[in-house]
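Trainee: In the order they appear, the protein sequences are chains G and H. For the first sequence, the residue numbers in our numbering are 1 to 310. For the second sequence, the residue numbers in our numbering are 1 to 292.
If you're looking for bench data, these hints aren't it; they were derived computationally from the structure. There's no promise every hint is true.
Taking beta-carbon pairs under 8 Å as the criterion, some of the chain G residues facing chain H (in silico) [what the hints assert, rightly or not]:
no.: 1; residue: G195
no.: 2; residue: V285
no.: 3; residue: M291
Partial list, computed: chain G residues near chain H (C-beta under 7 Å) [unchecked claim]:
no.: 4; residue: V94
no.: 5; residue: P98
no.: 6; residue: I117
no.: 7; residue: G274
no.: 8; residue: L275
no.: 9; residue: L277
no.: 10; residue: I278
no.: 11; residue: A281
no.: 12; residue: L282
C-beta atoms are modelled at their ideal positions from N, C-alpha and C, and glycine is treated no differently.
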Amino acid sequence: MIRRFLPLGVLVFCALLPLAFEQYKLYVASLTLVYLILAIGLNLTLGYAGQISLAHAAFMALGSYPVAILGPRGLPFELGLAVGVVLAFGWGLVVGFPALKVKHHYLAMVTLGFNIIAFLVLRNWEGLTGGSFGISGIPRPAWGPINFASDRAYYVYILGWAALVVASAYWLLSSRWGRAFRAIRENELRAAVVGVSLRTYKVMAFAIGAAYAGIGGALFAPLLGYIDPGAYTLDRSIQFLMMVVMGGLGRFEGPFIGAAVVTILPEVLRASEGLYLILYALAVVLMMLFMPKGLVGVWDWLVISSKSRI
Amino acid sequence: MTDFVQLLVAGISIGSIYALTAIGFVLLWQTSNTINFAQGEFVVLPAFAMVLFLVVLRWPFAIALVATILVSTLLLGWLVKELLVTRLLTMGVLPLVIATIGLSLFIRYSLQQFWTPLALPFPPIFPRVPIRLGTIIISWEEVMNVLLAGLVVGALQLFITRTRLGWAMQAVAQNRTLAAVLGIDVSRLVTLTFVLNAALAAVAAILIAPVYLVKYDIGIGLGLKAFYAAIIGGFNQIRGALLGGLLVGVVETFSAAYISSQFRDAFALLILLAVLLLKPEGLWGVKEEWAS
């Protein structure tokens with residue numbers, strides 16, 4: 001009983017705590033939630049279905065830009081979000097399609113290439129995206145008289161979407177879809193033999209992960225009210241990869257730990273960007289060597305050792 | 001016509017450097033299933049080492065060259081193999097992919113943080129006087145890049161096809177388990193491949209340094225192009241990587257000149273996507289069996 005509800009309680013506490021924060025801390029908390037949504041998407045694609053994606057930042061951009069383009073023209077935020085999710089999902093299908101033909105190291109390359117092309121398009125299609133200057137003055141969502149313009153209200157709004165994403169991912173992964181994804185990750189041939197349609201599930205694992213990235217991207221755009229292509233580079237995709245790997249691949253708790261560590265730690269350390277990237281890179285390598293299950297492995301170990309003590 | 005020939009020579013010249021980088025990459029994949037995402041940084045680090053020995057310490061060129069190759073083979077060949085690959089080799093492809101991504105970031109940002117974020121100039125190795133063939137002007141650099149790369153690839157090819165060690169490498173590439181059963185020390189051969197790759201990368205570094213400036217982040221583009229080259233040409237063949245490298249260099253140079261310099265990185269990528277969809281084994285590769 002306690003084991004079941006304790007994590008949930010901790011989660012609710014952590015989610016509501018930032019409401020007591022001000023400006024900068026509140027911003028970091030909002031960003032963590034956005035990254036949590038993105039990390040959940042990537043964990044679905046990579047952690048559960050075993051399809052590596054280095055294009056997550058590009059899918060995020062597909063979510064951000066519709067909001068940034070439609071919002072200042074007076075259209076509701078949710079419309080931009082819907083357009084973004086559809087775009088991300090659609091491109092997820094397109095990019096995921098080669099996944100049927102190629103093994104994961106090729107897939108890493110295809111997705112990486114997609115991210116580079118997406119960045120080039122964002123930077124050079126000035127008429128639509130504002131080029132390297134980006135787009136500013138992106139409004140936050142409003143429902144008639146209720147608006148989410150203040151930082152605190154917008155945090156609550158993001159929290160609502162995050163809860164929705166977490167719940168839907170939980171439902172998805174405990175359904176037959178989740179089982180099919182895991183079967184493919186463990187052994188493609190065996191999964192195919194017992195009747196899992198590789199074609200459908202592999203492409204869908206990709207597209208659904210991309211759609212979650214679209215939601216995260218849409219919520220990201222009004223956070224600062226300004227976006228430019230620099231936010232959607234390959235480095236950002238790699239950052240998401242690190243989040244998922246650090247948290248723990250293919251574990252539901254993974255993205256929570258990963259998003260929190262990767263977003264909050266550098267803000268706390270306040271080191272220069274170069275230095276913390278070095279530390280992260282080192283951490284990723286060491287993690288692969290000594291803790292391939294990620295930080296969630298530490299948690300497991302603590303739980304198990306505390307049990308054996310009793 | 002003059003432009004065309006000059007661009008072609010420039011493309012082949014830069015392409016031969018890509019090919020050098022790609023060949024090592026393919027060798028690593030063949031013997032150890034390592035997709036080295038740090039391949040670009042494997043070129044950048046020796047380039048910085050060369051700057052250290054040649055420009056900062058003012059050693060004579062030959063000594064600096066030998067020292068660079070030594071540093072590269074020790075650090076990026078032997079050490080990486082012993083520390084990273086030996087342990088991760090048994091765990092499948094993905095952990096190694098992620099670990100090498102980490103390694104690439106580590107090298108890149110360490111150079112930026114502890115050395116310099118600026119581009120370092122590199123003294124030209126070859127005479128600056130251009131070669132004139134009628135109206136066509138070609139630089140010594142371009143010619144020597146192609147010749148040296150050709151020489152290195154030729155020597156490598158001889159090593160692989162004519163020596164016992166080379167045969168053992170081929171055996172390991174074809175079937176690691178069977179090679180081990182036949183009494184080949186697989187681990188030692190993987191180390192040898194890493195050392196070879198590091199040496200090739202060091203040569204590529206010395207050739208590329210005067211073309212680009214030496215900067216901490218040029219490895220991103222280089223590593224990518226080596227990867228494109230390997231996939232386009234064929235991942236499991238040295239000749240494939242050679243063809244792919246030249247093709248990427250030429251396509252990139254022509255598209256930048258004739259179509260759009262802003263999208264120059266995109267054209268090689270489009271070929272890559274086409275190859276992946278239509279002929280996944282590469283233009284000059286051999287089909288692999290189903291394996292997971």
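Trainee: Taking the earlier hints as the rules, which of them does this structure contradict?
Mentor: 1, 3, 4
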